[in-house]
Each structure stands twice: as C-alpha cells, then as structure tokens.
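> Starting from the known structure of chain B, fit chain W onto it as the hints suggest.
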Amino acid sequence: MGIGDQYRDTGWFGILFVIVIVAFILFNILRAKGGKELFIRRIPGLNSIDEAVGRATELGKPVLMVPGMSDPINAKAMQAINIFSHVARIAARFANPILYCCSSASVYTVSQEVIRDVYQQEGLADRYDLDSVRFISDRQFAFAAGVAGILLREQIASCFFMGEFYAESLIFAETANRVGAIQVASSTELTQTPFFIAACDYVLIGDEFYAASAYLTRQPVLVGSLVGQDWCKLALVVFVALGAIFNSVAMQGTTTQEWSKGKLKQIPKRSIQQGDTLLSRLLNPDPDPDIKVNRSKRRPDELPQPVKDSGGGRA
Amino acid sequence: MLHLLLDLDPPTFFNGDNGSPALILKIVLAFLVGIGLIFALMAAPLRLRRFIVVAVTFLSGLYYFLLWFFPAPISRGPTDAPNGPLESFSFLIADAVPSVVNVSNILSAVLIGLGIYSLLRIHLGRIVKQQKDWAFSLVLVVSLFTVAFFGYWDWIIRQGPTGGSLGAVPNDKWSFPLYAKDFFFEGFLQQMDSAMFSLIAFYILSAAYRAFRARSVEATILLLSALIVILASMGLIQSNWDNTIDATHIGFLKNIRLEDMRTWLNGTMQAASIRGLDFGVGVGLLAMALRLWLSLEPLGRES
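Order-wise, the sequence lines are chains B and W.
Quick note: the first sequence uses the working numbering, first residue 1, plus one each step.
Quick note: the second sequence uses the working numbering, first residue 1, plus one each step.
So here's chain B without its partners, still in its complex pose (with noise of 0.2 angstroms):
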C-alpha cells in the first residue's frame, strides 16, 4: 500500500500527540458537561471589561472594539468576537453606544450577525445602530489610518484591541492612549504582545485570550475545554522536563549507530549529539525520500490538460 506520507519513521509521533491533547480537551468538555464543578483563576484583564465600559458610560463616549486583522475569519477572529460578545452585552445593559470596527470581509459579516444577536437577546434591539459595525479597510495600514482617525474624532474612552495584531498595534495603542482611553488589548501575535504591554492598561498574554470566553460566561463547555488546554500544558512541561532529563543523560554516552533517512547505518564510535537521541527522533522525522510505490500509469488522454489562460481576461 502506497499510503501513509505523513506517518513515516517518527512521523507518527506528532499525530498521536495531538490525538492526545484533544482527547485531554474533549474528556474535560464531557467532564464539565456532567455537572463538575471546575475551577479557573482570576484573571485581572478580563475583570476590568466592566470598569472600562463603566468609564464609557460615565463619559458617554463610545467603547470601540477592534478583532485585529484576521483575513479571512479564523479561531483567533472568532475568539475575538466571542469575547466582544460580552462587552457589547455589557455596553447595551448601560445604553452605551459601541464602534466596532474590521479589516476583513468576513469578519465583519460574522460580528454583525453576532452583535445585533446579543442586543436582540437583551431585548434592546431597537438600540442596535447598523453602522455601529464598520468595515475599514483590508489594507494594513488604511486600516490603521480609519481606526486612529475614529479614536481621535470620537474621543473613545474605552478600547478593547483583541486578536491577531502585527505592525499596526502601536498605532492603536498610542492613540488611543493620546486621547485619554482605557485599553484592554491581546495579540495572539507574540511580537506584538510587548507593544500593547507598553501602551495598554490591561493586557492578556499568551493564552489568556483564549480563556477568556470560559472566564466570562463560565458556561461548562468553555471551562472543561480550559481545563483540557490546562491538562494539555502540564502533559507538555512534563514532557520538556523529562526530555531535557533524558537528553542529558543521554549524551553523556557514545555510539557506533545513526539514523538517516530513516534507517539505521554503522559509524565510527563517537560521543552521542542531540540528534541522535530518542526525544530528537521523535520531534524529527526522516523518511526514506526514495522509496518507490509501484502503481500503474494513466494514459496522457487521461490527464488533465495544462489551462493556457490563467489571467481570467478576455478570450
């Protein structure tokens, strides 16, 4: 049988490690699902979503909400929007009046829907503005341009900046600050997590954004599947721990064998390196690239013809 590619040599590893950790996640949904009571932390970025709205209202000045720039619409993009979910759930309780603003498309059809839903379940529908749910533009820096000349014309007094954000982060950030508004910001870009730590009041780092809909509505499935992400960390510390362990010890040794291309070769005695050991096997797959799978031919009739105009111009 000719299948399998990506199961090759250690290939296999990977995948059954991320077998595991969804294993890990759905065995605590189903577990959180059946009435256990689970436990999460406090997290101090997510507490002051009321506090920053409560300033809106009190200024009567709009809270502007921005998912980053995630095109199309992606995990990061829907977790933004489950998380402004509950900020605009908040804003329409105090009749604060909200901005949201979009680079994409798609993302900007998704928290339409999503938005005017939460005022309908408020049974404030008829406070719904339409264009309270704006696109910008998909061009980065436009988009930074529109988003920056919203925040200084109208005075924002509170910003919420959570998802996938690159260059223009500071952009906000800085403006926003230059205008007098609480932020609370996250960017599931790593880079750019240091910027709004700089120029922000509240930052989630890290995973924090993804817990973050678990932490806000506590409904079961969203704190078994935190929970889950919990197990799934310790199973990958415990495994940095003792690979570092087993990689340390195991290079005190020497060898007369080394793996290539997925066999196993004679060599002259020498002292064991980091790519010989079973830890770096396993997250370094080397598949023989030769190996040969007879199968019959098609006929060139059979085969698709090469598609002489890709320009989708005039014929």
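Keep in mind that the hints were calculated from the coordinates and are not lab data.
Glycine included, every Cβ here is placed at the ideal spot set by N, Cα and C.
There's no promise every hint is true.
[To be verified] Covered stretches of chain W (in silico footprint by chain B; criterion: 3 or more residues with CB under 8 angstroms from a CB of chain B, positions within the stretch not fixed): (1) 141-154; (2) 272-279; (3) 285-299.
[Claimed, not checked] DEER-style ranges, computed between Cβ atoms: (4) W:36 x B:260: 54 to 62 angstroms; (5) B:273 x W:94: 33 to 41 angstroms; (6) W:85 x B:301: 22 to 30 angstroms; (7) B:246 x W:259: 38 to 46 angstroms; (8) B:34 x W:277: 29 to 37 angstroms; (9) W:13 x B:260: 48 to 56 angstroms; (10) W:57 x B:238: 28 to 36 angstroms.
Just chain W now, with coordinates in the frame of chain B:
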C-alpha cells in the same frame, strides 16, 4: 490527478472556456442559485437552519481533518494511478486542495462586496445628511471609485489582446490608464502606507518612555534588561565596554560583557518565555478550533 468539479479539464457542465458567454452565463446562474439558497436558509425553521449550519461547518472541518490525518500518498508521480479504494480516496483528498481553496476564495470575494456595501452605506449617508466631517467621507468614496476604476482599466490593458498573466509593459507602450493607476497606487497609496508605518518609530519612543519608568520592581527589571539589550546593539558602546573587560584571569568577569549579557537575556530568559507562551497559544488555538468544528462554541450566547 483526479477530475474534480472545479477543474477546467475535461470540459463538463461545471466549467467553460475562459471569457466565453457560456461561462459568464453559468457564473451568473451560480450566483443567483447561491442568493436563492441564502434566502431559503433564512426562511427555514430555526432548528433546521441550525442543523444545516452545524452540518456544513462539520463537513468543511472534516476535509482538513482528513487532509492531516488520513494516510497521504507516498512517492506519488504526476501520472500515477491509485491502487485500490484507499489510495483513490487518499489521492482525492490531496487533489481537492485547489478546489477547496477556490471555494473559500469565491466566498471571500462575495464577502468583500458586503464590506464595500457597509462602507458606502455609512459614508454616502454621511454625505447626503452633511453630517460632521462629511468631506472626509466624500474623499473616501471618490478615492474608492477612482482607484477601483483605474486599477481595473490598467488590469484589462495588461491582459493583452489574448488574455494572460499580468506582465511588465514596455516604457513606450505606457498610456493614460497605466500612468493614472501608477499615480494613485504607487504615488499615493504606497506613500501613505509608508508614512503610517514610519509613525511607529515615534510611537515606540513614547510607549517605551512610559513603560520603562522604574515604578516597581518588575518595571525596573524591564528597564535594566531593555537597557542592556539596547546598549549591546550599539556597536561603538558594546565594543568599547567589552574590550575594557579582561576576563583572562577571572573568568567570571566574562558575564558582565554586554554581548554575553544580551545573549543570555535573549537565549535563556526571552526564548524560554516565548516558547512557553507559544505552547499556551497553540493549545488554546487548537481547543478553539475544535469547539468551532464540533459547533460546541456558544458564540455570543451567555447561557
């Protein structure tokens, strides 16, 4: 390659010659059918609608699940035929990637239309009602249409008489639309992008000034670490400082060289922290994706 519905060859009901009236008619029909399906979905009972959305989400995710987990073909040549049903399925999954990408591109194209509709609704409304700052809205709407118009005109010209890929036009063949597009894109848009990007340098300075004030123990550690990394990046200061330290007799002194301190901070403290965060973000993303795929995510619902 297996023949999928969206492949251009062999000719089927689902494709057509590039630019032909038959193809345009099929695109229009497909668009109308798509609109009809959206209205049908909106008119469907809530439970049925939810079931359809869950089923479509699951099937879409299932494709990528299979692409990752289902055993992929080994050493497959361009003319190879599959051996048996399992290999056929494996080939099919691999061959479907371009078609699935096309579907998502088409969806994105439709959604960008909704985005433009949002822009126009807000800004045309502001112009008509002459609300505050309506002149900015006018500039935006005029720019939107002007750039789109000249961009498309330029694109048509670059296709040539027989269509084809976008290529460089010789200098003596440049005409008004090409100059206009160049003026708007390269002369305006790119320059404004660069101007916005350059602002970041000043913002970094002001943000750093606030962040690096020694207000607490943590902020002081941050300040000192940043100072070491910044000084170590300044060649003149780094080489002068490091050359004054003679670690020949007392090896420990090597630790106070700027270059060594920077290497230790970057390689030990920073790399370890970033990897820790990377693990957390990766696992969080996986859990979120899993919940979305299995429709376990209560998007926008409190209870």
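> Taking the hints in turn, state whether each one holds.
Status of each hint after checking the structure:
no. : hint                              : result
1   : 141-154                           : violated (count 0)
2   : 272-279                           : holds (count 5)
3   : 285-299                           : holds (count 12)
4   : W:36 x B:260: 54 to 62 angstroms  : 59 angstroms, holds
5   : B:273 x W:94: 33 to 41 angstroms  : 36 angstroms, holds
6   : W:85 x B:301: 22 to 30 angstroms  : 24 angstroms, holds
7   : B:246 x W:259: 38 to 46 angstroms : 32 angstroms, violated
8   : B:34 x W:277: 29 to 37 angstroms  : 32 angstroms, holds
9   : W:13 x B:260: 48 to 56 angstroms  : 51 angstroms, holds
10  : W:57 x B:238: 28 to 36 angstroms  : 34 angstroms, holds
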